[in-house]
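Line order of the protein sequences matches chains L and W. Per my numbering, the first sequence starts with residue 61, numbered consecutively. Per my numbering, the second sequence starts with residue 4, numbered consecutively.
Hints were generated in silico from the structure; no laboratory data involved. Every residue, glycine too, gets a C-beta built ideally from N, C-alpha and C. There may be inaccurate statements among the hints.
[Unchecked claim] Rough simulated footprint, nothing fancy, chain W against chain L, three-plus residues with beta-carbon under 8 Å: (1) 103-112; (2) 187-198.
[Stated by the list, open to error] Not everything, but these chain L residues come out facing chain W in the computed CB check (under 10 Å): (3) Gly118; (4) Cys119; (5) Arg120.
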Amino acid sequence: MNAATLLPAVGVAAGLAVVLGAALGWLATRLRADPDSLVERLDALLPQTQCGQCQYPGCRPYAVAIARGEADTDRCPPGGAATARALATLLGREPRPVDPRYGETRPPRVAVIDETRCIGCALCLPVCPVDAIVGAPRFVHTVIEAQCTGCELCLPPCPVDCIALRPSPGTASQPRAATASA
Amino acid sequence: MSARPGLRGGLRLESHKARPLQRSVQPMPAPSMAVLALDQGSGEEARVVVEPGTRVRVGTCLAVGRGAAADLHSPVSGEVRAVETRPTASGPGTCIVVASDGRDEREPGLAPLDWSALDGATLLERLAGGGLAGFGGAAFPTAGKLALARAAGVELLLLNGAECEPWICCDDALLRERASDVVLGTRVMLAACGAARATIALEDDKPEARAALEAALADAGDSRLEVVVLPAVFPLGAEGLLIAAVTGREVPPGALPPEVGVVCQNVGTAAAVARYVSEGVPALTRIVTVTGSGVRQPANLEARIGTPVAELVAACGGYDDTLPAARLIAGGSLTGRALASDAVPVTKGLNCVLVATAADLPVRAAQMPCIRCGDCAAACPVGLLPQQLHRAAQADDRAGLDRFGLADCIECGCCDYVCPSAIPLTAGFRAARRRQLIHEAERKRAAEAKTRYERHRRRLDDQADAERRAFEEARRRARSDGAGGD
C-alpha cells in the first residue's frame, strides 16, 4: 500500500470530519435548548404563591434554579404532588413527592387582618409579594382576599400578631371565580 | 309544517306522560311558608333587597337579578321570616323565607303592559322587571337573552316545545290548555328581540298540543308564526340540537345561538311573558309535572314559586307507601338530579318532580370496565366519543378532555343509558367539568399573582436604584464640598 492509494481515503475522511463538524457546530447554536423558554415553562407550572418555602425568593427564581440544575422538583409545598409531577414530567424525570422539609401541602388559605388590633405600622405592606395588603402608616390595613396567595410572609413582620390565616373562601370544592353558567 | 329529520344518535324512549295528562292542570293553593331560593336554577344568586321583618305583597321584589339570575318576587303576601341556607334543588343555598298571611294582597303598582305600543328596547326594559326566566330548566333571565339576541340581530325566534324527557309533560299540558298564552308571549318576544319570524317546535307525539296550538295560531292570524313538528327523539329538546334540527345550522363550540341568527325560548316562558303583559303579574307560578309510580295521582300542578315539593306530592295524593322505597328526582329520568329531601322549594327552573320506584328506574347494575364497544359514541347526539372522554376523565388528563370536546357535552345521559358496562359516564363528565373549571380559575389566579409579583419586584428594584443613586450623589457632593473647603 502506498501513499497514493491512501490519500483519497484520508482526504474523504478528513472532508467528512470537517463538513459534519461544521454542521454539528451550526446545529448546536441553532437548536440549543433555550434556557429562558425552559424557565418560562417551569414558571408556568408553579402556583405563583411567591411564598419562598423553596428557599428561593419567589416562583420565578425557583424556576431559574431548576432550569440550571441547582434545585430539584420537590420543593413546592403549595403546588403539592400535582405540581411536583408536572415539573418532573416537563424535565423528563422520575416524579418525586414534595420534600416535607420545605413545608406541608395544605388547602389554600388567605391572610386576614384583625382590624381591631392592627396598629397601622405598615411593616407588612412591603413584604407582601403580590401587593395584596392595602394600607398606609397609621391607618388600619386590610387584605384583598381575592389577591392573597396565602404565602404567610406577612406574619413575621407584624409586631402585634394581628394577621391570621383562614381557609380560602374558594377551596377545592368551589372555585373562587364561580362561573357555572351553561 | 313538515316533519324534518335531523338528529344523529339520540334515543327513542318509552313515554310515561299519559297518567299526569289524564287530568287538567291543577291549581295549587298558596303555601303557608314560601321558600325562595336566590339561585332559581341558573347557578347564580340574585341580590337580596329585603330583610327579616319586611312586609311584602304578591309581586313585591325580594331580590334583584344580576348576571344569570333574574329578579325574584314574592309569590304571597305576608312577612319575610328569614334569609338563610336551606336545601334547594341544586344543593344547600341561600333562600328567602316568606310567611304568608293568607290574604294574597297584590302589589299596587302591577298593571298590564301595552306591549304593542312600545319599541323593542323599552319593552326589553319592562320585561326585565318581570322576573321572567327560562322555564325550560336553565332559568336564565328571559329579558337578558332577548337583549343579546336583539344586539346580535337574530332572524328567528325558536320556541322550544320539544319535551323529550320520557316523564316530563308540563309543556304538553300547557300547550293543550293555554296555547293562546304561548302565542301571545311569542308575539311579545318577537317584538322584543326584533326577529323576523318565530317557529314553535314540538314533537310528533303531542297531537293534542299541536291541534290546540294550530287553533290558537289561526285565531291570532299572525303570519310570522309557524309550527314545526319533529320526531320524538331524546334529547331533541336540548337547545343546540333543536336549532340544528329546525334550521340545519350548527351552533359553533363555545358560541351562543345568536351567532347563527337564532334565539331559543321555552314555551312555558312564553306563557309567563303573556301573563306578565296581560295581567301585570311577574313570574310567580309555573307548571310542574309530579309523576312516577311512587306518587298516588300523578298530575301537572300550577304551583307558586317557593312551594315546598312535599306540598306538591301531598296535592297528588301523597307517596304510595305500598311500593318499595322511592327516589325523588328533580327534572327527568335522564338529565334530572336527585333531591336530598322533599323540603326543597319549587324554582323557576323546576319542570318535574319524579317520584321513581325501582319499577320506574331500575337500580344501576354494578359498574364494569369499559369494553370499548362504541355504543356510547353511536348514541351521542353531539358526536363526541364518550369512551375516550371517560378515559381522559379517569386519568384527569386535562388536555385530553379538551381535545375530546368535554366542553361540548350537553350532559344528556344517552351514553349512560346505552352503556353495557353500566358506567356512570355523565356523572364523571360533570365532575370532570367542575375540575376543569377549578383548574382554569386557579390558572387565572396564578397568572394574576405572577403579574402582581413582577410589578412588586420591579418597584422594589427601582426604589433600591433610586436610593443608591441618591446616596452616591450625596457622597460625591460631600466629597467635592470637602475638597472645596480645604
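Here is how each hint holds up against the structure:
1. Check result for the segment 103-112 of chain L against chain W: holds, 6 residues qualifying (beta carbon to beta carbon below 8 Å, three or more required).
2. Taking a C-beta to C-beta cut-off of 8 Å, the segment 187-198 of chain L contributes 5 residues in contact with chain W, enough for the three needed, and the coverage statement holds.
3. For Gly118(L), the suggested interface contact is upheld, since its CB lies about 6 Å from the closest CB of chain W, less than 10 Å.
4. Proximity of Cys119(L) to chain W holds as hinted, the smallest CB-CB distance being about 7 Å (cut-off 10 Å).
5. The interface hint given for Arg120(L) holds, since its Cβ lies 8 Å from the closest Cβ of chain W, which is under the 10 Å cut-off.
Checked against the numbered hints given earlier, the structure satisfies every one of them.
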